[in-house]
Amino acid sequence: MAPSKYAGVALACAGVFAGVAHAGGDAARGGLLYSARCGGCHSIEENGAGPRHLGLIGRRAGSQPEYDYSSALQASRIVWTRKTLNEWLANPNELVPANKMVVQLANDARDRADLIEYLSVATRESDR
Amino acid sequence: MSETTLISRRSLITRAGQLSLSAGALALLAGNESLAGKHASAGGNDVAILNVALGLEHEAIAAYQIGAESGLLQKPVLDVAVLFQGQHKGHRDALVATIEKLGGKPVMAMTTDEYTKSAKLKVSSIKSQADVLMLAQRLELGAVNAYLGVIPAFGDRELAKVAGRLAADETMHYTALTQAMGAALPSAALSYGA
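If you're matching them up, the sequences are chains A and B in order. With the numbering used here, letter number 50 in the first sequence gets 50, and the count goes up by one each step, no holes. If you want the numbering used here, it's the position in the second sequence, counting the first as 1, plus 128.
Keep in mind the hints are simulated off the structure, nothing from the lab. Virtual Cβ for every residue (Gly too), placed ideally from N, Cα, C. Among the hints, a few may not be true.
To spell it out: a stretch of chain A is covered by chain B in this simulated footprint if at least three of its residues, at any positions, have a beta carbon under 8 Å from a beta carbon of chain B; those stretches are [stated by the list, open to error]:
| # | segment |
| --- | --- |
| 1 | 24–30 |
| 2 | 41–48 |
| 3 | 99–110 |
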C-alpha cells in the first residue's frame with residue numbers, strides 16, 4: 001500500500017492507534033484499509049449502504065434493528081468474532097450465501113488481520 | 129460524460145447468485161435499453177439496490193455542495209468540485225429515471241442539516257480547502273474499491289466489464305482530487321482493490 005494514498009485518514013488513525021500493533025494485526029494499518037476499502041458503504045457510527053460497525057465484536061450477525069439486513073444473514077446465527085470476521089472478509093458469500101455483501105476486498109490474510117485488529121478496537125461501545 | 133458512469137458509488141452490492149443490479153438494470157444504466165429489454169426480470173431487488181446507489185449519490189452531491197459553499201475552496205479547486213458535483217447530479221438523474229422505469233419509488237435526499245451532522249461526512253471537522261478535498265478523495269476512493277471489489281462476484285463478464293469501467297472513472301476522480309491536493313500518487317503497483 002502506498003502511504004501517501006491514504007494520507008487523509010492516516011493522521012486521524014495514527015493518532016488513535018499509534019503503536020497499537022499486535023501479532024494478530026496492525027490496527028493503524030487496518031484503519032487505513034477500513035477507510036479505503038470499507039468506507040464507501042460502512043462507518044463505525046452510522047448505518048448507510050452497509051450497517052454501522054459500532055459494537056460489532058460479540059454481536060449476532062444481522063441483529064441490529066435499525067438496518068435492513070438480508071434474511072440470509074439474519075438467519076445465519078453467526079456471532080462476530082475474530083474468527084468469523086476473518087471468514088467473512090475472505091469471502092462473505094461463501095460464509096453466508098445470498099447475503100447482500102459480495103464485495104471482496106480483503107483476500108490477503110495480513111489485510112484481514114489488520115482490519116480485524118482495527119475493528120476490535122474502533123468498534124468498542126465502551127470507548128464511546 | 130460517458131453513460132457508463134451512471135451508476136456510481138458503492139452501488140454494486142449483490143446477493144450471492146443473484147446480481148443486485150440485474151443485467152437488465154445495468155444495461156439501462158449503461159444506456160443500452162435494447163440490451164435491457166433482453167433482461168426483463170429486473171424487479172424489486174434491483175430497485176432496492178438502485179435506491180442504495182441513489183442515496184449515495186445524494187450524499188455525494190451534498191458533500192460537494194457543502195464544500196462549495198464553505199468558502200474554503202479557491203477558484204481552480206472550486207471549479208473541480210462543481211464539475212464533479214454536476215457529474216453526480218447526472219448519476220442521480222439517471223438513477224431516478226431507471227428506478228421509476230422499473231416501477232420503483234426513488235429515495236429522497238436527506239436534508240442539508242442531516243448531511244451536515246453525518247458522522248460519516250464529519251463536516252464539523254472541515255476547516256480548510258485540504259479538508260474538503262480530503263473528504264471528496266475519501267469518498268471517491270471508497271467507490272473505486274467498491275467497484276473493484278464486486279468484479280469477482282459477476283458471473284456475466286459483460287457486467288464485470290461495466291464495473292471495471294466504472295472503477296476506472298472513479299479512479300480518475302480520485303486521481304484528479306489527489307493532484308488538486310498536491311498529494312503524491314500511489315507509489316506501489318496494484319494499489320487499488322485487493
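| request: Starting from the hint list further up, note which numbers the structure goes against and sort them upward. | output: Failing hint: just 1.
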